[in-house]
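Protein sequences appear in the order of chains A and B.
Residues 2 to 348, numbered by my numbering, are exactly what the first sequence covers, in order.
Residues 2 to 348, numbered by my numbering, are exactly what the second sequence covers, in order.
Keep in mind that the hints are not guaranteed to be accurate.
Since the list gives no way to pick one copy over another, a pair counts as held whenever it fits inside one copy or between any two copies.
[Claimed, not checked] Dumping the calculated BS3-like pairs for lysine-lysine here, alpha-carbon to alpha-carbon at most 30 Å:
1) K27 x K310
2) K310 x K331
3) K13 x K232
4) K208 x K139
5) K111 x K139
6) K310 x K21
7) K331 x K113
8) K310 x K208
9) K32 x K280
10) K339 x K35
11) K186 x K13
12) K229 x K104
13) K263 x K310
14) K310 x K149
15) K13 x K208
16) K183 x K310
17) K113 x K183
18) K21 x K186
19) K340 x K119
20) K310 x K229
21) K344 x K208
22) K208 x K84
23) K183 x K81
24) K84 x K21
25) K232 x K263
26) K105 x K208
27) K340 x K42
28) K263 x K339
29) K232 x K310
In short, the hints are calculated from the structure, not lab data.
Number of protein chains: 2
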Amino acid sequence: MEIRTIAWVNNKIRIIDQTKLPQGIKYLDIKDLKTLWIAIKELKVRGAPVLGAAAALGSFVGIRYSRAASFNRFMQELEKVAKYIGSSRPTARNLFWGLERVKKIALDNKGKPIRIIKSMILKEAQAIIQDDRVSCRKIGSYGARLVKDADVILTICNAGILATIDYGTALGVIYRAHQQRKNIKVYACETRPLLQGARLTTWELQKRGLDVTLICDSMAATLMRSGKIDKVITGADRIAANGDSANKIGTYNLAVLSRYHKIPFYVAAPASSFDLSIKSGQGITIEERDPREITELFFKKPIAVSGVKVFNPAFDVTDQGLISAFITDKGIIKPPYKKNIQKTFSK
Amino acid sequence: MEIRTIAWVNNKIRIIDQTKLPQGIKYLDIKDLKTLWIAIKELKVRGAPVLGAAAALGSFVGIRYSRAASFNRFMQELEKVAKYIGSSRPTARNLFWGLERVKKIALDNKGKPIRIIKSMILKEAQAIIQDDRVSCRKIGSYGARLVKDADVILTICNAGILATIDYGTALGVIYRAHQQRKNIKVYACETRPLLQGARLTTWELQKRGLDVTLICDSMAATLMRSGKIDKVITGADRIAANGDSANKIGTYNLAVLSRYHKIPFYVAAPASSFDLSIKSGQGITIEERDPREITELFFKKPIAVSGVKVFNPAFDVTDQGLISAFITDKGIIKPPYKKNIQKTFSK
Chain A
2 MEIRTIAWVN NKIRIIDQTK LPQGIKYLDI KDLKTLWIAI KELKVRGAPV LGAAAALGSF
62 VGIRYSRAAS FNRFMQELEK VAKYIGSSRP TARNLFWGLE RVKKIALDNK GKPIRIIKSM
122 ILKEAQAIIQ DDRVSCRKIG SYGARLVKDA DVILTICNAG ILATIDYGTA LGVIYRAHQQ
182 RKNIKVYACE TRPLLQGARL TTWELQKRGL DVTLICDSMA ATLMRSGKID KVITGADRIA
242 ANGDSANKIG TYNLAVLSRY HKIPFYVAAP ASSFDLSIKS GQGITIEERD PREITELFFK
302 KPIAVSGVKV FNPAFDVTDQ GLISAFITDK GIIKPPYKKN IQKTFSK
Chain B
2 MEIRTIAWVN NKIRIIDQTK LPQGIKYLDI KDLKTLWIAI KELKVRGAPV LGAAAALGSF
62 VGIRYSRAAS FNRFMQELEK VAKYIGSSRP TARNLFWGLE RVKKIALDNK GKPIRIIKSM
122 ILKEAQAIIQ DDRVSCRKIG SYGARLVKDA DVILTICNAG ILATIDYGTA LGVIYRAHQQ
182 RKNIKVYACE TRPLLQGARL TTWELQKRGL DVTLICDSMA ATLMRSGKID KVITGADRIA
242 ANGDSANKIG TYNLAVLSRY HKIPFYVAAP ASSFDLSIKS GQGITIEERD PREITELFFK
302 KPIAVSGVKV FNPAFDVTDQ GLISAFITDK GIIKPPYKKN IQKTFSK
């Protein structure tokens with residue numbers, strides 16, 4: 002199975018439309034910024050790492066026809082594009098990281114002709130794609146050291162192939178352990194409201210031949226008490242300098258339950274998800290999404306009384322104290338996190 | 002608003018078809034046992050207390066045309082009917098309690114003509130309905146003493162009008178506090194997989210003028226950490242002698258989260274939900290339901306990959322140690338539960 006969640010094909014951004022899964026793979030070719038913005042907002046393309054690539058490719062799409070005659074004018078346009086892309090999903094650290102990488106390339110090549118800068122931006126976006134493939138495999142290798150034969154692993158949302166280019170972070174660890182012939186089993190939380198666990202994680206794990214069982218998010222506690230879960234591994238959307246980690250809503254829930262049931266809880270994420278400019282989780286902006294994600298299943302048939310108030314945060318923040326370790330492309334990071342995160346990423 | 006979840010009307014069992022809510026009230030008139038069994042199994046009629054009434058009315062429907070010439074033969078038929086009804090939902094204590102009340106009436110009147118016994122069974126079923134109305138109001142009154150002005154209460158599933166005859170257990174407490182002009186707010190967990198919180202609880206709370214906000218089950222932890230929740234009140238399907246309580250899947254989850262966030266966690270239930278014959282939660286049979294409840298939303302469009310394994314327990318068990326108090330029709334029961342439950346119900 003060769004799946005590329007996002008790629009640059011025929012001068013367009015080709016993505017898998019993840020809202021169409023698990024019914025089947027449908028590709029979307031995106032050639033303008035607004036279509037990309039909507040695709041990100043509507044989670045047609047999603048997952049922290051993949052959003053870094055989407056943001057960078059989007060930057061190129063947004064400025065490729067720029068007629069700016071001066072570098073300053075060009076940068077103004079690029080900033081505007083970046084601001085627009087950044088408004089789609091405020092919590093995702095990698096989105097902004099992708100935008101920053103692109104801006105840095107432009108600034109570092111200030112003296113060059115603008116058409117050259119444009120092509121360097123595209124090259125940088127493609128480098129991000131390549132870097133992600135490498136970084137996910139590193140995460141997989143480091144993380145697999147923590148996985149024992151016959152382990153049963155619980156995960157939430159989708160931190161797999163579909164959240165990255167072609168391998169995954171939390172699921173990358175699982176894929177690597179599976180490749181090492183460790184006989185592991187996976188439980189996937191369905192991940193309300195948008196069911197990324199049910200729709201995406203079960204799909205890709207099954208495609209890769211993993212043993213996966215689907216549960217509703219509320220069943221995790223019972224499963225943990227039954228002694229069936231050996232470890233929990235999730236992804237992250239943004240990790241603060243002290244280790245507090247924003248991830249899909251329901252992750253903090255699992256972290257508290259893991260602590261209560263004495264089950265190790267790991268967060269797998271690339272360096273690009275760490276945001277050292279933010280001290281703690283309190284500084285992380287949490288995206289609140291359309292109430293209809295909860296009151297209407299996929300915006301179709303209503304499932305709650307008309308007009309009911311809804312609280313729909315897309316993410317929650319897990320206290321660093323609940324995290325057993327971070328699995329990153331720079332190695333495993335253990336507590337104390339403030340010190341060790343600093344040490345790892347200032348190398 | 003006058004709603005009767007279940008009633009005996011024109012020689013039929015009239016129920017509100019709860020699978021049609023919140024779109025609208027649709028009544029079903031049931032005159033045979035098999036239709037009732039299916040209605041219970043498919044949750045057209047549901048909620049622990051209401052199942053006691055359904056079981057008793059169902060017993061009458063099952064034996065009303067009996068041609069048994071002897072009492073023994075009649076009791077055999079009644080036992081068969083009871084066994085059949087009991088097979089619909091094994092965890093619900095009240096279902097069996099309703100069946101036992103009916104059997105007891107028959108046995109206590111062994112000497113009477115069978116047509117008289119039949120009419121006494123119907124009368125007993127109607128008494129169960131009346132008793133429930135009284136008992137829910139007692140639960141409401143006792144429980145409301147625990148509720149302060151401006152309290153924000155979190156609940157799961159539906160332990161309201163639609164789970165009882167016309168008032169509720171957990172929601173009965175809320176209705177009573179509301180009647181006392183306490184300015185309370187409610188958060189309702191949607192309660193996957195069958196969304197009783199989204200479909201039923203928001204519907205009836207809104208009808209009664211309560212301030213209700215809907216969340217996905219996985220959002221409870223974040224809400225608790227934000228300091229917005231003052232107490233959690235849930236119903237119960239079966240409570241063991243030591244206080245371990247089976248209730249809708251996700252309840253144990255909330256209990257663990259409540260403990261972690263130091264929020265009181267109350268279980269509201271009538272005496273008929275206590276099963277003193279079972280020592281602890283380990284003895285409670287947990288119903289596992291159709292995987293399609295999770296993989297297909299209301300058995301329609303698939304939301305998970307085809308053929309995925311599913312774990313779908315309908316209930317979980319909350320350790321007695323996580324429960325702050327029981328709110329019953331006999332008063333508030335505090336720890337130590339083994340002793341105090343015994344004391345309360347052997348009076």
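Violated hints - listed by number, lowest first: Hints 2, 3, 5, 7, 9, 10, 11, 12, 17, 19, 21, 22, 23, 26 and 27 contradicted; others consistent.
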